[in-house]
Amino acid sequence: MSRLSRRSLLVGAGGILGSGAGCLSLPDRSTFEPADWPQVQADAGKTNYSSTPGPVADAEVAWRQPFDALDTGFYASLFLVDGTVYVGSNAVRRSYFSPAGFTGDIGALYGVDATSGDIQFRVPNVDAVYGVAGTRTYTDGVVLAGQTEGGAPRRHDEDRTLGLNPSGGVAAQRWNVQRPAPHGWRGARPGDSITVADGTWFYCPSGEPATVRAVDVDDGRKRWTRRLDATGRPTLLADSERVVVAVDGDDEGATLHVFDHDGTTVERIDVQDSTDAPAQLALRDGSITRVSVAEQVRVTSHDAQTLGQTWQETLNVDGRSNAHLAVSPEYVVAVVGQRRDETLGNEWEYPTILLGLDRESGELRWRTDMEIGETRIVRTLAIGNRTVYVGTERGSVLAFALADGTERWRIESERTVSDDFEPIGELVESLVVGDGRVYLWDGSSLIALEEP
Amino acid sequence: MTSEGTAQTDAAGAQSADSTVGSAIQEDDSSEALFDSVVSGYWDVLSGHPALFVVFALFGAVRAGVYVVRSAVEIPQHDVSVPLQGTFSVDLALLPTGPSLAHPLPGTFRGLVPELLAVYALTTVAWLLALTLAVGVVAWRTAPGTDGWLPPRRRLAHLGGFVVVAQILTIPLLDGFLSGFVLTTILTLVAVYLITRLFIAPVTIVRDGRGLRSGIAWSWRATRQTWPLFVVFVLAFGLVRYWITGIPLSLVVDATVPVRASVGTALVGSAYAVLLCVAYDIVATNYDEPSR
Numbered sequence: 000m001s002r003l004s005r006r007s008l009l010v011g012a013g014g015i016l017g018s019g020a021g022c023l024s025l026p027d028r029s030t031f032e033p034a035d036w037p038q039v040q041a042d043a044g045k046t047n048y049s050s051t052p053g054p055v056a057d058a059e060v061a062w063r064q065p066f067d068a069l070d071t072g073f074y075a076s077l078f079l080v081d082g083t084v085y086v087g088s089n090a091v092r093r094s095y096f097s098p099a100g101f102t103g104d105i106g107a108l109y110g111v112d113a114t115s116g117d118i119q120f121r122v123p124n125v126d127a128v129y130g131v132a133g134t135r136t137y138t139d140g141v142v143l144a145g146q147t148e149g150g151a152p153r154r155h156d157e158d159r160t161l162g163l164n165p166s167g168g169v170a171a172q173r174w175n176v177q178r179p180a181p182h183g184w185r186g187a188r189p190g191d192s193i194t195v196a197d198g199t200w201f202y203c204p205s206g207e208p209a210t211v212r213a214v215d216v217d218d219g220r221k222r223w224t225r226r227l228d229a230t231g232r233p234t235l236l237a238d239s240e241r242v243v244v245a246v247d248g249d250d251e252g253a254t255l256h257v258f259d260h261d262g263t264t265v266e267r268i269d270v271q272d273s274t275d276a277p278a279q280l281a282l283r284d285g286s287i288t289r290v291s292v293a294e295q296v297r298v299t300s301h302d303a304q305t306l307g308q309t310w311q312e313t314l315n316v317d318g319r320s321n322a323h324l325a326v327s328p329e330y331v332v333a334v335v336g337q338r339r340d341e342t343l344g345n346e347w348e349y350p351t352i353l354l355g356l357d358r359e360s361g362e363l364r365w366r367t368d369m370e371i372g373e374t375r376i377v378r379t380l381a382i383g384n385r386t387v388y389v390g391t392e393r394g395s396v397l398a399f400a401l402a403d404g405t406e407r408w409r410i411e412s413e414r415t416v417s418d419d420f421e422p423i424g425e426l427v428e429s430l431v432v433g434d435g436r437v438y439l440w441d442g443s444s445l446i447a448l449e450e451p
Numbered sequence: 000m001t002s003e004g005t006a007q008t009d010a011a012g013a014q015s016a017d018s019t020v021g022s023a024i025q026e027d028d029s030s031e032a033l034f035d036s037v038v039s040g041y042w043d044v045l046s047g048h049p050a051l052f053v054v055f056a057l058f059g060a061v062r063a064g065v066y067v068v069r070s071a072v073e074i075p076q077h078d079v080s081v082p083l084q085g086t087f088s089v090d091l092a093l094l095p096t097g098p099s100l101a102h103p104l105p106g107t108f109r110g111l112v113p114e115l116l117a118v119y120a121l122t123t124v125a126w127l128l129a130l131t132l133a134v135g136v137v138a139w140r141t142a143p144g145t146d147g148w149l150p151p152r153r154r155l156a157h158l159g160g161f162v163v164v165a166q167i168l169t170i171p172l173l174d175g176f177l178s179g180f181v182l183t184t185i186l187t188l189v190a191v192y193l194i195t196r197l198f199i200a201p202v203t204i205v206r207d208g209r210g211l212r213s214g215i216a217w218s219w220r221a222t223r224q225t226w227p228l229f230v231v232f233v234l235a236f237g238l239v240r241y242w243i244t245g246i247p248l249s250l251v252v253d254a255t256v257p258v259r260a261s262v263g264t265a266l267v268g269s270a271y272a273v274l275l276c277v278a279y280d281i282v283a284t285n286y287d288e289p290s291r
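If you read the sequences in order, they're chains Y and L.
Using numbering that gives the first Met the number 0, read the first sequence as starting at 0 and increasing by one per residue.
Using numbering that gives the first Met the number 0, read the second sequence as starting at 0 and increasing by one per residue.
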């Protein structure tokens, strides 16, 4: 073999070793900026919290971007990452609201410039969008999405999960794997059965008993699947160490399960309370906060590793069962009101209550009886670093001080002669807080609110 | 190993005149006789050179290694499995690459960190080199009167060029890139025609010492009359390649891909390489190069 060949061999080997060394120090996109809201309920723990402020003293519409989704049955998932608001269908909700009635262009992922409201890109043939995940493999993360190949009736063996380029463009798919997609349940909020942490996408497909799947967001490969000894409505939470699965049974209470990220079961407990509506949960700083409503509002905190209960607070709230939860570093904020089916033949005798509790002790810090008139069905709750935002039906957004629950501002929409609502549409879904603004979906448009 | 000093002839078809397959064919043979000669010559070569399985087993090991490395660094790969395309489909190939395993989607490389792009490029170079060597060894060893395992380096370089060009041009045939029955069928027929006109080019590059362009040109001219003879073989191999992608089940595809790469490449890759050599023997024997 000639000298040149040996040199070539050495150069080649050096290149391979260099590449191997490079692999050991790959750039990491596992964390997000404080203003980002990469998952449907803010983060893996579903805290509905941003450490950046939204509008504090007052608010007005900064911009509105209408979409060709004419039916209010189109429930959108919103995420905010790197100055782009991602808008896509939330198939979990959609599957329960007259899917045959949908019109317009709903099977797509949109990227909207958060500053101007202009559409940056559109990725077609995307039937559900689940969040933006940080990865080791890609410098800008991956949008997790779903696609159903067949038409109605939906067949789960035709589901596909997708990893999409966050900047859209042609050939947006990075990976595409045929597998059962995430599944929702009646009363589910967007993202309830999904969470993403440490480069792994955890979700529950349909079927009983409840099953948890773990999928690598880098390349879409399955990591593990665990079938739980529980039947009911699953909610998934996660942090950098663990995955928490809460399964609300119809009658027999609930169960809490904790797994390591590799799928090893760490703990499991039964939670005995019977509720009409599913409990709301959040995971923050090693603590699970759970809100359930029956005869009373019951707010409990559990250690996320042992599942031992650390505190409990109860309040009498006759007749209300619709709860929403958000958790900041200091506060647990819950809003408790009526569900839509509880309003039939009812003269709205129960006010909607906003509660602020100390996150460490569970002590009630403040309580606000919200005066929201005709719009008292609360659809969504989010908090910035100083302000609590509540979105309701009939297109209203209300803001309260996080420190004491006093009202700061409100935008109440009014019905127009054409039976629409202005300035915000018929509902407020998926509040997202980031960098001085609040973004929301009103059934047909993406709207940004900012301080005047 | 390479035998530069081995007596070679660059005259077109001169080697094939001594071939056991080619010499049995006469000008007035019918198509049926030609077909029989393909089958008999095929088994003659296979039985006479069992070591070719080892060559393609090694190539299969490289393919398995490439798959494992890419999976280990979490470069997305779209695994190919039978159920996605139905029971009957053909997975065509110009070169004896063995069964399809996995390929990236068009968007896989956008945003991929540079280190992983380098890993992908290096593993691609590794498997193209392995394919070039495997085809070169088979074409060289099955030619009468050759010594050693490897052809001269210049011929290997031209063969490498052909392998690179062929692999780039066959990207549109990858699973998932085509959709729709009519479009897929039309493109499949076009691909079969092109393959049967070009698939002996690597053999003439190795055996006759032709360059890349002259090898392709010679293959195109020489197969003008005989290409229909090989259509059924190309389609049959395409079907076998496709079926092997589904062994044993797509549900456990991740675990079985390396096994499929090794075993499938050893069996199908070597068999297809032998087909190229036999086809070359027949074509070269029955083709009269027009005088210039």
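These aren't lab readings, by the way, just hints derived from the structure by calculation.
Among the hints, erroneous ones may be present.
What the hints assert, rightly or not - Per label pair, the in silico range of CB-to-CB distance:
(1) ASP112(Y) to THR183(L): 51 to 57 Å
(2) SER213(L) to VAL169(Y): 53 to 59 Å
(3) SER213(L) to ARG222(Y): 48 to 54 Å
(4) VAL169(Y) to ARG152(L): 57 to 63 Å
(5) HIS102(L) to ASP357(Y): 53 to 59 Å
(6) PRO451(Y) to VAL181(L): 54 to 60 Å
(7) PRO227(L) to PRO208(Y): 56 to 62 Å
(8) PRO113(L) to ASP357(Y): 46 to 52 Å
(9) SER166(Y) to GLU288(L): 30 to 36 Å
(10) TYR192(L) to SER166(Y): 55 to 61 Å
(11) PRO422(Y) to PRO113(L): 42 to 48 Å
(12) GLY262(Y) to THR183(L): 38 to 44 Å
Stated by the list, open to error - Going by beta-carbon spacing under 10 Å, a handful of chain Y positions derived as facing chain L:
(13) VAL141
(14) GLY168
(15) ALA171
(16) ASP215
We put the beta carbon where it would ideally sit given N, CA and C, even for glycine.
Against the structure, the hints:
| no. | hint | verdict |
| --- | --- | --- |
| 1 | ASP112(Y) to THR183(L): 51 to 57 Å | violated (39 Å) |
| 2 | SER213(L) to VAL169(Y): 53 to 59 Å | violated (38 Å) |
| 3 | SER213(L) to ARG222(Y): 48 to 54 Å | holds (52 Å) |
| 4 | VAL169(Y) to ARG152(L): 57 to 63 Å | violated (41 Å) |
| 5 | HIS102(L) to ASP357(Y): 53 to 59 Å | holds (55 Å) |
| 6 | PRO451(Y) to VAL181(L): 54 to 60 Å | holds (59 Å) |
| 7 | PRO227(L) to PRO208(Y): 56 to 62 Å | holds (59 Å) |
| 8 | PRO113(L) to ASP357(Y): 46 to 52 Å | holds (48 Å) |
| 9 | SER166(Y) to GLU288(L): 30 to 36 Å | violated (55 Å) |
| 10 | TYR192(L) to SER166(Y): 55 to 61 Å | violated (40 Å) |
| 11 | PRO422(Y) to PRO113(L): 42 to 48 Å | holds (47 Å) |
| 12 | GLY262(Y) to THR183(L): 38 to 44 Å | holds (40 Å) |
| 13 | VAL141 | holds (9 Å) |
| 14 | GLY168 | holds (7 Å) |
| 15 | ALA171 | holds (5 Å) |
| 16 | ASP215 | holds (7 Å) |
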